[in-house]
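Asker: The chain contents come next:
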Amino acid sequence: MSFRKILLSLAITFLSFTAFAQKSAIISGYIKDSTAVIPGASVVLKNTKTGTVSNTDGYYELTQIPPGNYVVIASYMGYISTTKQIALKSGQQLSLSFTLKKNFQELDNVAITGKTKSQELKESGFAVNTIDLKKFANTTADLNQVLNRTSGIKIREQGGMGSDFKFAMNGLSGKQVKFFLDGIPMETFGTAMSLNNIPVNLAERIEIYKGVVPVELGSDALGGAINIVTDQHTKKFLDASFSYGSFNTSRAALSGRYTADKTGLIFNFSGYHNYSDNDYLMRNNPKYGAPIQVNENGETVQKDAYRFHDAYKTTMGQFDVGVINKSWADQLTLGFIYSSLYKEIQTGASQNIVYGGVNNREHFFMPSLKYRKKDFLIKGLSLNTTASYSSTQYKVTDTASHKYGWGGIGAPELIAGEIGGVKTITRFKNNATTIRANFAYEIDAHQSLNLNYTYSHFARSSKEDIGKLQNNPFAVPNTITKNILGLAYQNNLLNNRLTITPFAKYYGYSAFVPDALSLGAGNGWTKEDSRINQNNFGYGIATRFKIIENAGIKASYENAYRLQEPDELFGDGITVAANSALKPEKSKNINAGLYYNYQHNAHRIAVEASYFYRDAKDFILMGVPSGKFTVYSNVGKTKIKGVEAEIRYSYSQLLEASVNASYENARNLGETQAGGPAINDRIPNQPWIYGNANIGIGKNDLIGKHSRLQFNWSTQYVHWFYLRWESLGSKESNNQIPSQLIHNASLSYSFMDGKYNISAESFNLTNVIAYDNFRLQKPGRSVFLKLRYFIK
Amino acid sequence: MLKANKLFPLLASAIIISGLSSCKKSETNTSTPDEKPVTESTYSLRVSAGNPAAEYLLQVGSLTSGTANLLGIGVGTNLTTITTKNGFYYGRNDDTGNLVKYTSNNKVNTIVKEIPFTQISWAYYSSFYKWKDDKTLILFSSNASIQFEYAILNVETMTITSSGKINVPGLLKDHYFWGYGATIVDNKINLTYTQNANAGDLPVDTTYLATFDYPAMNNIKVTKDTRFTLPEHYSLNMSNSFVDNGISYFMASPNTWTTDVKNKPFGIFRVKSGATQIDPDYFYELTERTKEEALGLFYIGNGKAIVKVLDRSQIVNWESYTKSYIMDYYVVDVVNKTKTKLNIPKSMFGFSEDVLLEDGKVSIAAKTTDGVFVYQYNPATSVITKGLKIEGINSLSRLDKIK
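Protein chains in written order, with UniProt numbering: chain S, 1 to 792; chain P, 1 to 403.
Everything labelled a hint here was simulated from the structure, so no lab data went into it.
Being a predicted model, the structure only gives us computed values, none of them experimental.
Treat the hints with care, as some may be off.
To be verified - Taking lysine-lysine pairs in the PhoX-like style, the calculated list, with each CA pair at most 25 Å apart, reads:
| hint | chain 1 | residue 1 | chain 2 | residue 2 |
| --- | --- | --- | --- | --- |
| 1 | S | K637 | P | K165 |
| 2 | P | K339 | P | K361 |
| 3 | P | K403 | S | K731 |
| 4 | S | K583 | P | K323 |
| 5 | P | K323 | S | K617 |
| 6 | S | K379 | S | K429 |
| 7 | S | K463 | P | K173 |
| 8 | S | K731 | P | K389 |
| 9 | S | K32 | S | K166 |
| 10 | S | K468 | P | K323 |
| 11 | S | K468 | P | K361 |
Claimed, not checked - What follows is a set of in silico ranges between Cβ atoms, one per label pair, in the way DEER data are often shown:
| hint | chain 1 | residue 1 | chain 2 | residue 2 | range |
| --- | --- | --- | --- | --- | --- |
| 12 | P | S62 | S | N483 | 57 to 65 Å |
| 13 | S | I415 | P | D133 | 30 to 38 Å |
| 14 | P | L171 | S | I466 | 47 to 55 Å |
| 15 | S | T399 | P | K262 | 48 to 56 Å |
| 16 | P | G301 | S | G298 | 34 to 42 Å |
| 17 | P | Q277 | S | I415 | 43 to 51 Å |
To be verified - Reference listing, derived: stretches of chain P covered by chain S, where coverage requires no fewer than 3 residues with Cβ under 8 Å from a Cβ of chain S:
| hint | segment |
| --- | --- |
| 18 | 70-80 |
| 19 | 109-121 |
| 20 | 272-286 |
| 21 | 388-399 |
Glycine residues also receive a C-beta, built at the ideal position from the N, C-alpha and C atoms.
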């Protein structure tokens with residue numbers, strides 16, 4: 001009902017806006033070549049200052065054009081510029097598309113790295129989405145909140161800002177999905193730099209690879225990969241923002257670049273500071289088995305309580321310096337990232353386990369070196385290499401002298417810690433080295449090769465300060481070394497209508513767990529160093545076929561591996577215990593999808609739909625928390641089938657709306673014995689139906705010239721799911737994670753061509769009790785105000 | 001395109017329909033304390049099933065025949081069971097640490113009373129209990145294994161009537177208490193234990209006996225016996241002592257799972273009524289110590305108990321106790337020092353409360369290569385029969401008579 005009202009009011013607003021926009025004219029259309037759209041192409045009106053760049057769909061739009069005669073020039077590197085003469089009438093909305101011809105003379109010099117990344121991705125057969133973050137720049141969202149609105153993606157957060165989260169994509173989740181920042185794996189970055197606190201302003205776009213991951217990311221992703229890409233082409237810019245809101249939450253972000261054209265010197269910097277008390281209300285919800293139990297006067301009563309030990313503070317600073325466009329390097333940069341974190345821990349694996357003293361402090365430092373060169377040694381060979389070393393130190397303090405509950409401080413406790421059996425101050429140290437070298441070689445205009453090698457080494461050690469704890473599993477560093485080699489061959493056939501990319505990957509894995517406890521026959525417990533060495537080979541293929549210019553089908557397959565992560569193997573020492581018997585996950589992944597773009601005048605419709613299939617063995621799942629600790633274990637065999645679809649509609653720059661939905665059917669195929677428990681049951685404790693709806697309406701020059709007023713509304717739905725196996729036990733006793741219907745809204749006002757921006761935003765507008773996980777309640781309604789300054 | 005046309009209405013309707021659904025149920029109900037226990041059947045099985053596993057309370061009407069499984073019945077639960085009595089379960093809400101008195105009926109658990117439990121520490125590896133009488137449950141613990149504590153619970157009113165420290169003297173430097181077994185005879189508590197070194201977790205070659213008064217928990221006397229070590233630990237999981245004719249029987253069980261001590265006896269020792277030391281004239285070594293391990297002491301009356309004996313040569317890792325068919329059941333006469341192997345195939349369930357005595361007859365839940373069966377043993381006739389079959393479970397941790 002309410003949604004209908006919203007639609008109605010939007011329709012009315014929409015009509016009134018179009019009534020306003022009568023005087024100036026609009027030109028819009030697509031820039032294409034003979035095979036695909038061209039993102040990043042420039043479109044200018046000759047002899048004017050009016051111009052723009054086509055977006056990832058190849059679409060461009062020029063607005064606020066006075067009536068008259070113009071020459072429109074469309075151009076792009078490697079293509080012959082094309083001009084068209086037009087006559088614009090008052091209020092006209094002209095559809096004007098360009099098909100650019102390749103300039104083969106110039107193209108020879110461009111090689112494949114000359115294309116924009118988005119274009120390369122579009123032309124590949126991989127199931128890939130790109131999210132343009134620029135349109136979120138005025139929101140207070142972090143990257144998780146943006147990704148969570150994408151089809152096929154569900155992020156389960158345990159609480160407020162900085163809380164632990166689990167990322168799921170097409171039914172595969174957690175560590176099965178890998179994250180990259182400009183191609184560097186983020187798994188060793190520590191928690192201060194994770195998707196739930198990186199502000200949207202820091203990146204330009206997010207690339208989402210579902211199920212099948214190209215070799216150049218060089219990782220053992222089982223379920224897909226997310227690559228966060230920072231702005232690499234704007235020569236000079238400064239973006240500064242600050243937001244403040246509910247739960248004493250503040251976010252400050254700064255990023256910029258300076259490029260000296262003459263010397264080729266480049267200087268990038270970015271940083272952010274986030275703080276939140278996260279003191280939101282925990283609401284008593286016995287209906288879903290999630291009561292808030294407060295001990296008062298020797299009695300246990302159920303009532304709402306505020307969180308009181310959940311403050312979160314993180315600071316990040318990054319800069320890199322280097323040179324670009326030299327004869328010996330297209331780019332050579334040396335970068336440094338430093339981040340720090342302070343996090344109070346309010347609950348254990350369930351909100352009923354209340355802590356009042358445990359906290360975590362973390363420092364992360366990473367120098368990195370990037371080198372990029374096309375025509376490296378021989379013509380047509382491009383080299384792109386990065387090397388990084390990171391050091392993460394974190395200190396977990398578990399020395400509370402009382403027990404805590406939702407009622408606050410409880411009985412004195414002199415011996416035990418809140419998490420551990422005795423009080424501890426544990427200092428963990430993670431060191432990681434990652435080296436990635438990517439060679440791309442263009443054989444001819446239709447064929448290319450890509451070879452990628454990634455080496456990574458991870459070590460974790462810890463020291464305990466108080467000395468009551470007897471057995472420290474990390475006294476000697478536990479290590480994991482991975483060598484991953486990938487080779488891909490791309491062939492464009494049928495006048496580039498068909499693209500085929502077969503690829504192969506080698507995964508070398510070795511882990512060292514010192515002093516692992518084991519039992520020998522008649523010998524009792526022995527402590528012996530444990531070494532694990534594994535070699536695995538994966539392979540796959542990605543294809544794309546264009547049926548017509550604006551529509552095509554894609555299909556991809558990968559036989560993928562996901563190697564054990566440090567946290568899964570060793571535990572995190574906080575809520576996850578070690579399981580050295582863990583095996584790598586293996587999955588056969590299939591994606592099949594179709595896309596269609598349609599434009600009529602200023603109306604644009606884009607449709608994408610895909611089917612996915614995952615046949616995963618030795619699925620690594622976190623057990624249902626029972627008590628203080630949980631472990632990751634291999635669940636025999638799981639088959640996931642699913643569909644997802646998205647429809648986007650936009651009208652000029654006025655209205656933008658999208659709806660997406662995802663359905664996953666993940667079933668347990670059991671272990672070795674047939675007819676075992678829960679065969680064919682849906683994999684418990686994970687969402688399987690969810691969807692998003694977004695609508696944005698905005699108007700330029702409504703309040704003053706060069707201004708824009710923008711209103712966005714988004715709704716997220718997650719269908720309820722069971723905590724435990726569906727077939728086992730009574731339905732009444734199988735706890736549910738209830739359905740969520742969350743609404744968010746924002747209103748932003750930009751003036752002086754986007755230089756100054758002010759926005760207000762509310763998450764969980766209707767203040768529903770929301771859970772992504774059993775007995776871990778998320779925040780209720782929150783409101784934020786954001787100020788942003790941007791120049792380029 | 002046909003595919004796409006079909007897909008969208010499907011997805012759209014799926015979202016709309018799911019938005020309307022509102023199944024909302026919960027694991028636990030609450031009721032007033034004076035209600036009669038609501039149970040559907042007579043026996044309660046606490047089992048784990050699935051991978052990742054979850055714990056279930058399943059009730060059945062008979063242990064002597066038939067088949068049971070968890071398909072659609074049984075209560076998935078996050079409440080532990082410490083013990084049961086007269087239809088009620090007494091456990092701990094491991095999340096909140098609260099003590100809980102509850103019933104279960106194959107559909108839901110119903111919490112009769114939940115009370116804060118902050119008087120003493122509690123952990124599966126350092127806590128144990130004894131029933132004084134049907135109304136009085138004595139909860140023992142050892143905070144970080146170095147300070148014994150107690151709390152006396154009136155289970156009718158669910159109030160802790162007294163609690164405090166039990167100041168057992170003599171803790172060696174850099175050692176901790178381990179191997180807790182307790183009995184209560186008249187108003188004397190017998191507590192046996194050993195001491196493990198912090199470094200290496202090895203027990204000393206001594207078993208201690210602390211005797212003290214109930215309910216004051218004072219007048220503590222400690223004596224030593226060096227013939228054997230490590231009384232069986234983890235008695236929250238499995239019975240390790242009993243009282244027959246006023247005499248307390250305990251088990252020395254330096255099993256591989258708990259310790260890495262070698263060539264020490266597995267056997268039964270005893271404390272006579274009113275004595276303050278372990279009977280120096282009695283020890284019954286149960287196994288050839290390098291070849292077999294003995295675990296568990298389940299009293300079945302008339303000076304007899306059921307004991308589990310494991311093939312030590314087959315213990316290759318700690319999963320051997322729960323995943324290898326290496327265990328035999330014996331009936332042991334502690335008065336006459338005889339033992340008889342029961343005709344049950346090799347099974348597992350090393351550390352579980354899987355033996356139940358009822359009207360002089362014994363039920364034993366065993367996981368054999370044929371599956372999980374509840375075997376029926378009649379001590380009077382020595383006849384063993386195969387009873388209830390339990391399908392689709394990983395393990396069973398408790399077998400209780402509820403009604």
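Asker: Confirm or reject each hint.
Answerer: Verification of the hints:
1. S:K637 / P:K165: 50 Å, violated
2. P:K339 / P:K361: Roughly 18 Å between the alpha carbons, so the hint for K339 of chain P and K361 of chain P holds.
3. P:K403 / S:K731: Roughly 24 Å separates the two Cα atoms, so the pair holds.
4. S:K583 / P:K323: Holds, at about 18 Å.
5. P:K323 / S:K617: 21 Å, holds
6. S:K379 / S:K429: Between K379 of chain S and K429 of chain S the Cα gap is close to 44 Å, so the pair fails against 25 Å, i.e. violated.
7. S:K463 / P:K173: 23 Å, holds
8. S:K731 / P:K389: Cα-Cα ~23 Å, so holds.
9. S:K32 / S:K166: Not satisfied, since the Cα-Cα distance of roughly 39 Å exceeds 25 Å.
10. S:K468 / P:K323: 33 Å, violated
11. S:K468 / P:K361: Between K468 of chain S and K361 of chain P the Cα gap is close to 48 Å, so the pair fails against 25 Å, i.e. violated.
12. P:S62 / S:N483: 57 to 65 Å: Given range 57 to 65 Å: holds, Cβ gap about 59 Å.
13. S:I415 / P:D133: 30 to 38 Å: With a Cβ separation near 31 Å, I415 of chain S and D133 of chain P satisfy 30 to 38 Å, so the hint holds.
14. P:L171 / S:I466: 47 to 55 Å: 19 Å, violated
15. S:T399 / P:K262: 48 to 56 Å: 38 Å, violated
16. P:G301 / S:G298: 34 to 42 Å: 40 Å, holds
17. P:Q277 / S:I415: 43 to 51 Å: At 30 Å between Cβs, range violated.
18. 70-80: holds (count 9)
19. 109-121: That given contact holds, which follows from 7 residues of the segment 109-121 of chain P lying within Cβ reach (below 8 Å) of chain S.
20. 272-286: With 0 residues close enough to chain S, the hint is violated.
21. 388-399: Per the Cβ count (3), the hint holds.
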